[in-house]
Amino acid sequence: MTSTVVIDKAGPTRKVKYGSMSRDRAWALRWSYFFLTLFAMFSLVPPLYMLITSLKGSAEISAATNPWWVFHPTLSNYVQLLTSNQYLRFFLNSAMVSIFVVTITMLISVPAAFALSRMKFWGSATLATGVFLTYLIPDTLLFLPLFKMFALFGDLTGIQLLNRWYVLLILYPTLTVPFCTWIMIGYFASIPKELDEAAIIDGASWFQTLTRIFIPVALPGLIAATIFAFTVSWAQFLYPLVFTTSTDQLVLPVGIITSLIKGDVFNWGQIMTGALLGAAPPLIIYAFLMDYYIAGLTAGATKG
Amino acid sequence: MAEVNLRRVIKRYDEVEAVRGIDLDIADHEFVVLVGPSGCGKSTTLRMIAGLEDITDGDIMIGGDVVNDVPPKDRDIAMVFQNYALYPHMTVAENMSFGLRLKHYPKAEITSRVTEAARMLDITDLIDRKPKQLSGGQRQRVAMGRAIVRNPKVFLFDEPLSNLDAKLRVQMRIEIKKVHQKVRTTTVYVTHDQVEAMTLADRVVVMNHGRIEQIGTPNDLYHKPATRFVAGFIGSPAMNFIPCRLEEAAGKLSVRLTDRIAFPLPPARAVRYHSVPRNEKLLFGIRPEHITEARPQPEPGFEMFDAVPDVTEPMGMETLVYFTLEGTQVCARVNPNAGAREGAPLRLAVDLNNMHLLNEGTGVVL
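Protein sequence lines, in the order shown, are assigned to chains C and R. Using the numbering used here, the final residue of the first sequence is 304, and nothing's skipped along the way. Using the numbering used here, the final residue of the second sequence is 670, and nothing's skipped along the way.
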């Protein structure tokens with residue numbers, strides 16, 4: 001066996017490496033750039049492909065040319081979709097569902113998080129954990145019982161909620177409320193206790209403490225939760241697929257595949273265009289709210 | 305403004321008793337400091353006065369009214385926190401006026417109160433800034449301003465200077481004293497720093513293990529401590545405690561520290577300690593400033609002895625000398641010109657007029 005350990009008896013004559021810390025850092029930086037580039041490519045290639053395809057006509061899409069290049073660019077897919085009442089209806093449904101769901105979610109989860117993080121009552125800790133555990137249950141497990149519940153509800157009361165876009169306003173919060181509550185609990189927990197104590201001594205009620213101190217201070221968290229709730233409700237596929245069927249009740253993700261795939265005919269150009277346009281609102285929202293999201297508003301509340 | 309009274313106040317957290325029956329009467333306009341090591345219950349006591357903690361038993365009265373079940377906002381108190389607790393999204397003026405705005409004070413009244421408080425605290429120029437644009441000392445001033453504009457019955461301070469650096473702390477200490485001299489609001493102030501307690505307080509309340517050890521003026525506590533804890537806590541460097549015995553020879557009482565060192569008691573002390581059992585285990589308590597370099601002329605009550613310093617600490621105006629007596633480290637404060645050197649024998653004088661004798665078992669000062 002050959003030993004790879006070289007015992008350097010010469011000691012003092014050996015070259016001492018200085019600045020190894022910065023060398024380590026440089027390597028760490030190189031590796032992070034490598035992986036960042038890799039992941040950027042990984043996540044950017046599909047949208048790029050969507051963009052390229054959306055600019056092609058049906059003939060070019062099915063032609064055996066280089067799929068990564070547009071030889072005869074056309075906006076016909078865009079024109080067709082944006083002038084189609086059906087597509088605009090999907091868009092409107094999605095927008096209404098998302099806006100309402102975000103509103104409902106915030107109205108429930110912010111006060112809930114405030115109560116769970118600040119008002120110590122019997123069982124509050126258990127309840128907070130319970131909220132989180134609720135989120136851990138996959139939504140694919142829930143849609144069958146939920147469907148059954150709504151069907152039964154319709155049978156018993158005569159109020160038909162299935163196949164109405166607004167049924168999603170009841171369904172989505174079951175996904176968004178637990179997670180947003182959990183995020184907000186974390187944000188509220190990072191607000192020093194003295195801040196609400198100061199407010200209470202200053203004469204604020206719990207509600208005033210929430211609205212005038214906690215919400216402004218935890219605005220970055222609030223925006224993070226809003227973004228999350230919006231993304232979930234905008235991109236949700238399974239629930240609307242199951243609960244809505246009529247074309248005028250569909251939201252965008254389901255609408256695209258049900259109306260643009262006819263039997264085994266895939267209208268690839270419009271599918272790609274529709275998906276690309278559908279991805280725009282979340283992107284725009286991210287772009288606008290990112291600054292707020294990053295801004296650390298809690299700085300200066302206490303020492304440091 | 306109002307007096308504050310605590311009657312057998314107890315705070316229990318599950319198994320732990322944080323405050324074990326406190327009786328305290330704070331007079332109108334008085335500045336009372338609660339001082340003690342961490343975990344002694346001083347902050348809990350303050351928070352119970354504020355209403356931020358429920359009391360387990362007993363009564364708290366503010367201005368003669370029992371406020372046990374009155375929420376903090378209706379107790380008419382203002383509190384200054386250790387970490388300032390300024391609202392980060394509001395300007396200095398908004399921070400200070402928040403309480404008044406919640407109570408729907410007229411705008412003109414709010415403006416005049418804020419301006420007045422800002423002028424008093426010298427933060428007029430900062431009125432439109434956000435807390436994060438302020439230094440620690442400025443933030444603490446704003447926190448005080450927020451308390452002052454409310455014009456409450458009682459000010460509560462919870463270690464307000466602990467986050468500041470040493471120099472600023474001294475400055476703000478003086479500032480707090482000045483403010484109190486101007487507004488004369490009854491104040492309860494919590495600190496673990498005995499210097500802060502001594503310098504600020506009309507009366508100091510020394511707490512330990514959830515109980516009050518002693519209440520008194522700063523001078524009382526310093527010169528007439530009731531227990532070993534108070535004697536050791538107040539004063540820096542701390543009082544020396546040396547195991548000793550009382551001896552009586554030919555009708556004269558003396559205190560024996562070691563086989564070689566015994567000091568005859570001055571007449572006044574001899575009378576006081578006459579009834580102390582001779583075989584009791586005692587502690588000889590003496591502050592470092594009462595062990596000095598030997599004087600050329602013997603003064604009444606001063607006794608000389610020799611010691612070999614282990615460590616000397618020159619402080620400028622004085623030199624601290626540490627030596628060992630029978631395994632007990634003793635600190636003395638000598639003149640820097642006395643020539644104290646490590647390892648070199650030094651003749652010291654102990655001022656027995658300022659000595660204390662403590663029961664080693666109970667810790668009670670006799």
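I should point out that these hints are in silico values taken from the structure, not numbers from a laboratory. Keep in mind it's a predicted model, so treat the numbers as computed, not measured. Some clues are possibly wrong.
Below, in silico cross-link-like pairs of lysine-lysine (DSSO-like), each with a Cα-Cα straight-line distance of 30 Å or less [unchecked claim]:
#1 C:Lys120 with R:Lys407
#2 C:Lys193 with R:Lys528
#3 R:Lys377 with R:Lys528
Now the in silico label distances, taken between C-beta atoms and shown as ranges [claimed, not checked]:
#4 C:Leu127 with R:Arg316: 41 to 47 Å
#5 R:Ser439 with C:Phe207: 31 to 37 Å
#6 C:Leu127 with R:Glu319: 20 to 26 Å
#7 C:Ala280 with R:Arg316: 57 to 63 Å
#8 C:Phe207 with R:Glu321: 31 to 37 Å
#9 C:Tyr33 with R:Ser439: 55 to 61 Å
#10 R:Asp329 with C:Ala189: 52 to 58 Å
#11 C:Ala95 with R:Arg405: 23 to 29 Å
#12 C:Ala189 with R:Ser439: 23 to 29 Å
#13 C:Ala280 with R:Asp426: 25 to 31 Å
#14 R:Asp426 with C:Phe288: 51 to 57 Å
#15 R:Gly367 with C:Leu127: 21 to 27 Å
#16 R:Ser439 with C:Tyr286: 34 to 40 Å
#17 R:Asp329 with C:Leu127: 54 to 60 Å
For glycine and all other residues, C-beta sits at the position ideal for the given N, C-alpha and C.
Here is how each hint holds up against the structure:
no., hint, in the structure
1, C:Lys120 with R:Lys407, "holds (26 Å)"
2, C:Lys193 with R:Lys528, "violated (39 Å)"
3, R:Lys377 with R:Lys528, "violated (39 Å)"
4, C:Leu127 with R:Arg316: 41 to 47 Å, "violated (25 Å)"
5, R:Ser439 with C:Phe207: 31 to 37 Å, "holds (34 Å)"
6, C:Leu127 with R:Glu319: 20 to 26 Å, "holds (24 Å)"
7, C:Ala280 with R:Arg316: 57 to 63 Å, "holds (60 Å)"
8, C:Phe207 with R:Glu321: 31 to 37 Å, "holds (35 Å)"
9, C:Tyr33 with R:Ser439: 55 to 61 Å, "violated (39 Å)"
10, R:Asp329 with C:Ala189: 52 to 58 Å, "violated (39 Å)"
11, C:Ala95 with R:Arg405: 23 to 29 Å, "violated (38 Å)"
12, C:Ala189 with R:Ser439: 23 to 29 Å, "holds (27 Å)"
13, C:Ala280 with R:Asp426: 25 to 31 Å, "violated (54 Å)"
14, R:Asp426 with C:Phe288: 51 to 57 Å, "violated (42 Å)"
15, R:Gly367 with C:Leu127: 21 to 27 Å, "violated (39 Å)"
16, R:Ser439 with C:Tyr286: 34 to 40 Å, "holds (36 Å)"
17, R:Asp329 with C:Leu127: 54 to 60 Å, "violated (43 Å)"
The structure fails hints 2, 3, 4, 9, 10, 11, 13, 14, 15, 17 (numbered hints given earlier, in ascending order).
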